[in-house]
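The numbering of the sequence shown is my numbering, which starts it at 1206 and goes up by one.
One should not assume that every hint holds.
[What the hints assert, rightly or not] Per label pair, the in silico range of CB-to-CB distance:
(1) G1386 / N1570: 19 to 29 angstroms
(2) E1563 / R1275: 31 to 41 angstroms
(3) E1563 / D1403: 44 to 54 angstroms
(4) D1489 / N1272: 45 to 55 angstroms
(5) Y1456 / G1420: 15 to 25 angstroms
(6) R1499 / A1540: 23 to 33 angstroms
(7) Q1465 / P1301: 30 to 40 angstroms
(8) L1321 / P1301: 15 to 25 angstroms
(9) A1559 / D1298: 25 to 35 angstroms
(10) P1301 / N1586: 52 to 62 angstroms
(11) R1396 / Q1282: 21 to 31 angstroms
(12) D1489 / G1352: 28 to 38 angstroms
Think of the hints as simulated: they come from the structure by calculation, not from any bench.
On a predicted model such as this, the values are computed, not experimentally measured, just so you know.
No residue lacks a Cβ here, since even glycine has one placed at the ideal position from N, Cα and C.
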Amino acid sequence: MYIGRKPERLPWLRSCLLIIVIVIGTAYASVLLLAAGGVYVTPVTMLPEALHPTPTITPTPTEPASNVVRRADDFFQNGQVNQAIEEYRRVIDLEPENDLAYARLARFLIIRRNFLEAEDMARTAVELKPDSAYNNAVLALALDWQGKYDEALPAALRAIELDENNVYAQAYLSEVYSDMGRVDKSVPAARKAIELDDNNYEAHRALGYAYETSGKYRNAITEYQRAIQLQPNLGFLYVAAARNLRAIGQYRNALALIQQAIQADPNSAEVYDEFGWIYYFLGDYDAAILQLKRATQLDPTFAPAHGHLGIIYFVLQNWAQAAPSFEKAIALGGARAEYFYSLGLAYVNLDNCAKGKEWIDKAVNVNADDTAVQAAVQFYNENCLGSAAPPTRRPATAVPQP
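With the hints as extra help, turn the sequences into a complete structure.
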């Protein structure tokens, strides 16, 4: 009961409440399942957030590893080594226990001179399947290309022990023997590899290398050319043949072969390094520097190109450029006596006798009996210690000639 005047009802409030009720009622009524049949679907945005449906995510199908392997091998056959490397990385992501994937990746990394990762991949392959002749052979190759011959030989012999009829085991054993100066063993092993598979380019490359290390450059060229016929898309095979043409003074033929190598493998630092080195032997230093710089741009970690740049700058008596080039080569693994004493001589000519002595001493520790090292020592004594004894050789002739 109200005493006195009744409170006034606001007509606008009544209208607003009515509208709100209608809207809410419509929203919820629209989602009711009607017994008479059918469903009225309300847009999700009209539902309270708590009632929003969670979308079902359909997983993306994973590509079978076998497909990736085929694609990687196709890349390699076409000379696209970098792409093959990336595809085999994918295979390993898909199948981390696939020993063959690690071994093949290691082999391709060796070609690109990524030796540390190659050795790591090869060791993983051997750990996953220690009784694989191929895995052990690839490990031997990875060690051999780093100059670790004492480790490479047992791995190569282990591969032969596991399967003497494995062409890669015989080919890579031959290569280890070649680097150890055992021509009496390297040639027979390479010939055995060819007997096992005359269409395997690695077998012919191994025999070519055995001939090359024994000074039979023309025989080496023949085998390298056979390897190129079998696999015409790998630049480093052309480099091997060109290197031997250069050794017998056929510089123009070597340049022609390098042009083919660029067509086959335009992203190979090794190809451009040899390109520049041929120009060096032709006496065209500007062209040599241009190509060697191209090699370092393609692969800043490619030590030979930095070392070759150092040599050319040394010959040009550009000591300020020679010193950092040699230092870069050494830092990247080019720990050679020739680089040590050449770097030392560059510093002496820059009036930095302390740094000069440091590097010449390193050369002495590597090979004190080498006449070029002895010449470097005498040049240091004459220019830094005031010794009257003349150097036995002029320092410019102490430059390494690979």
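Hint check:
A C-beta distance of roughly 22 angstroms is found between G1386 and N1570, which places it inside the suggested range of 19 to 29 angstroms. At about 53 angstroms, the beta-carbon gap between E1563 and R1275 misses the expected band of 31 to 41 angstroms. Take E1563 and D1403: their Cβ atoms lie about 52 angstroms apart, and the range 44 to 54 angstroms holds. About 48 angstroms separates the C-beta atoms of D1489 and N1272, a value consistent with the hinted range of 45 to 55 angstroms.
The hinted range of 15 to 25 angstroms is satisfied by Y1456 and G1420, whose Cβ atoms lie roughly 19 angstroms apart. Roughly 25 angstroms separates the CB atoms of R1499 and A1540, a value that falls within the hinted 23 to 33 angstroms. In this structure the hint that Q1465 and P1301 lie 30 to 40 angstroms apart at CB holds, the actual value being about 39 angstroms. Roughly 20 angstroms separates the CB atoms of L1321 and P1301, a value that falls within the hinted 15 to 25 angstroms.
A hinted range of 25 to 35 angstroms for the beta carbons of A1559 and D1298 is inconsistent with their spacing of about 50 angstroms. Checked against the hint of 52 to 62 angstroms, the C-beta distance between P1301 and N1586 comes to roughly 58 angstroms, which is consistent with it. Our hint of 21 to 31 angstroms for R1396 and Q1282 holds, since their Cβ atoms are close to 25 angstroms apart. Taking the beta carbon of each, D1489 and G1352 are about 31 angstroms apart, inside 28 to 38 angstroms as hinted.
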